[in-house]
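*Asks:* Residue numbers (this note's numbering), protein chains in the order written: chain A, 1 to 442; chain W, 1 to 297; chain P, 1 to 277.
Hints may be right or wrong, so weigh each one.
[To be verified] Not everything, but these chain W residues come out facing chain P in the computed CB check (under 8 Å):
1. I24
2. M96
3. A121
4. I129
5. K132
6. M283
Hint data in this document are derived by calculation from the structure and do not stem from the laboratory. A virtual CB, placed ideally from N, CA and C, is assigned to each residue, including glycine.
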Amino acid sequence: MENLKLKRLIGLSMAAVLLIGMTGCGGSKTSDNSSLSTSSLAQVKIDKPVTIEFWHAMTGPTEKELQKLADDFHKKNPNITVKLVGQGDYTTLSQKLMAAAKARTSPVMAQAYSNWMSDYISSDLLENLTPYYNDEKIGIKNKNDIVKSFLDDNTFNGKLYGVPFNKSTEVLIYNKDYLDKVGAKVPQTWDELKEVAKETTTTINGKKVIGLGFENSVTGDLATYVKQAGGEYVTDKGQVKFNSKAGKKALQFLTDMLVTDKTARLAGEDNFMSTPFGRGDVAMYIGSSAGVSYINDAVKGKFNWSTAVLPKDEDAASSFQGTNVVIFKNATAEEKVAAWEFGKFLASDQETAEWAEKTGYVPVTQSALKSEEWESYIKKNPDQQAAVDQFDNGFIDPHLNGYTKLRTDVSTVFNDVLIGKKSVSDGLNDAEKAAKQDLEQQ
Amino acid sequence: MNKKITLKSSLKAYLYLLPAVAVIGVFVIYPLIKSFFMSFYVKYDYFKDKVYVYGIDNYKTVLSDPVFWHAMRNTMIFVIGVVPISIIISILIALMLNSKIKFGGLFRTCFFMPYVTSLVAVSIVWRWIYHKDYGILNYFLGIFGVHPIAWLDNPDVSMIALIILSIWKNIGYNVIIFLAGLQTIDKQYELAAQIDGAHYFKRVWNIVIPLLSPTTFFVAIVSVIGSFKIFDEVYALFNSGGGMAGPSDSALTVVFYIFRKFYGEWNFGVASAASFILFLVIMVFTVAQFCYARKRG
Amino acid sequence: MDKKLKKGISTCILYLLLIIGSIIMILPFYWMIATSLKTSSEVLKMPPMWIPTSWKWSNFAEAWKAAPFARYFLNTVIVTVFSTLGELVTSILAAYAFYRLEFYGKKVIFSILLGTMMIPGEMLLMSNFVTLTQLGWINTYQALIVPWTASAFSIFMFRQYFSTIGDELYYAARIDGSKDFGYLINIILPMSKPMIITIVIIKAIGSWNSFMWPLVVTNSENMRTLSVGLTAFITDTGTNYQLLMAASTFIILPMIIVFLVMQKYIIEGISHAGIKG
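Model the full assembly from the supplied sequences, consistent with the hints where possible.
*Replies:* Structure below.
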């Protein structure tokens, strides 16, 4: 029957058209894979509207503040639109960035830890920002105003590959009311910390309290404690030095509290210590100064709390944490310049101070730190003082190829120790082996 | 009227098959083959898509990786431990639902409901139920004098937490299939046995269970294959994000291992090799089950 | 009297077991809804508060606004509808071919299709991701829909169902002069309504609840489906279990309603699978 044949033909051709139509719906990027040199930078003008994507891992209150800064930026730069794309957490962000890099669909800019940057740079994915910093028109006039450690964090082989953005240090956060209740003073040394942890591991106001808390990431951040014990972790030259007396002391210090005395706990299933702290489950915890906004949310004024510098042992040490803003090569010249402008904006005195005040991260320039606004803010919020006080004792991760994997592998081993599944000496030996392997494979 | 196979009839058939085969070809068969080739990429630059070294080293790496065997061990716990237990429980529930009781439909609905819900959403609820300090599971256990258990933080019990969630979520499916199977068993057999005066459990054991075997076989195959693939539950329950599968990796399964090699370590060669090893294992088990069933007739 | 007593006791035990079993299955859902209606301090009460006293319905509104759930909802609906339609079309066509048509390689192709059911999807994830990037489909609806528009399982199910439809109708239609396609559309399709409904429901539920695939192929907020959005929301809210539970409720509720309404078909369809399998 003619009718049915026709029907079938129409049906099939429609299907074919649909299939073809769908394949056509993909955009291809006109991308410029070469870095811009100083001279060509000057020729880039943003005279047409440019939209760039900024992938980040900020959530909740910090994400809101980031959006506000983006909106402020938009008012000053009407031709540029920064689309903020939150990826949830740093692990997801890292995975998405790698996946996008392979697919050649990298966003124009993103947050990145310095050890991610090592990996990206060795795969030639990042735009060299040195010409941008030094550019007469759009550069950062006084780049030495940026806190030296932060600038170093962005320097690879003498070249700058990022702009510092959300930096923080670790501080000791404590529940004033609990400490007062047991009559304890804010601990300043390891011994005092152990003592206070013991004293506050008790029942307070009918609630079972544990003295001290550590973030789950402490397993990868043992460097802080090794350094406090007077030792070295992994040097800039790639020597693995944590399997030492100091390393043993540090790991033992943590294990005693977490496993033996049970006067400390990890965040565990609660993911971040701010949650149980807000519930009143712990008296103190060591965590990022940037947790402030989250702590406020969690505590909701139920009790008084504040921060203090990390207790020290032989030395005082606190790691600088947080990310930098990087720009991917796989973008047009205009997009890269637009991204640079935003990164620069975030690092400029006024903005970095505002960012710090609203989130608990620290300002990244000396001028911002010395500014009247910041000083008066600190006066009104003395609990943010601790973060800044530790600048002199702050340290950054070494820039080594394979460091990201090192962190993961070492973290797995130390995790076993801190939950009591492995002995301290076995842990140090295994971690050293894994670390050396990871660095060698580069 | 016998239909002959002709070129014309074949072409016509291929046209009917085209849409399905196109999709399955591109998204299942092609990646499978590509994956097979990738398993021989020993040194592979992910960004430049250049293979530097070919070889079977990836297979050696996987088979000598203690983490892989740890994952395999966990997966086997599911295959050899959980599947039989879950089948037994499903049969028991189906038997209960099949007896003459009121509200049969209501009970059936209750048992099946978890199956249709979103795993992510349900895992969030279970995470709260499993919480060491505020979860209702520890509360109930506390009534019987059991100390609070850190279900999600203690590597010794994390697998149990995973198993409970997995069984709770999926048992409805098995129950329904067994119910259907039970209902097709000729009532005559049962009546005959009843008249003979046989005890209920004897009846069940000697008549119902054997008659149920085709259904049991089907459920067994589907469950075994399914349990080899366990991944979503681990990811959702422990919110791992590609990091550790449960505390200290205690809930690591083979598919999770594969996923981590792909999406976390970007080591496609090793991930592909591990996938193929898994695929072979699944095939062996499935074929073994078929042979066993055939032998038993 | 003795036998009757025995029977009475065993019936009691039966009901008891079933009730306990049902409660275990349903309790988490009750707990989810109850928690959604609590204030943040009530959530943490120990011993647990079984019946919410504050009835904070506002939690639902707050959770809805806390993340673009409306958009996630829309995306999930679009993806579910189109992949289900797609699968129906491809499966019915293919199943018909296996059922009625004769062609070279019929057995081989069928076996290969069956074999694909043993493959874990996560294994194919990376290769498919690369394919999608080559097509330029990352972060688009196509990526979420197209790979799911065919399923060996559905083909198998339809073929089994078709084989229960007698040959007489076919020969009768043939005598009438209608060709295969006409027979498919005019006779088979209407008669397969139950199976179609079953497959639609199973597929829709699967699509609604899927999360690994959308997680990997979407990057931006506006393409996320409900499950992915929920995963992101977990990190966002952290402390707020009452909001998390409220959000979980939005996602679970539609499927429960669909299930309650369509129970008969779902259960019939799955039973069918068991018997024929």
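*Asks:* Next, verify each hint and record whether it holds.
*Replies:* Each hint tested on the structure:
1. I24: 5 Å, holds
2. M96: Holds. Min distance 6 Å.
3. A121: With a minimum Cβ separation of about 4 Å from chain P (threshold 8 Å), the hint on W/A121 holds.
4. I129: 6 Å, holds
5. K132: 12 Å, violated
6. M283: This interface hint holds because 7 Å falls under the 8 Å limit.
Of the numbered hints stated above, the single one contradicted by the structure is hint 5.
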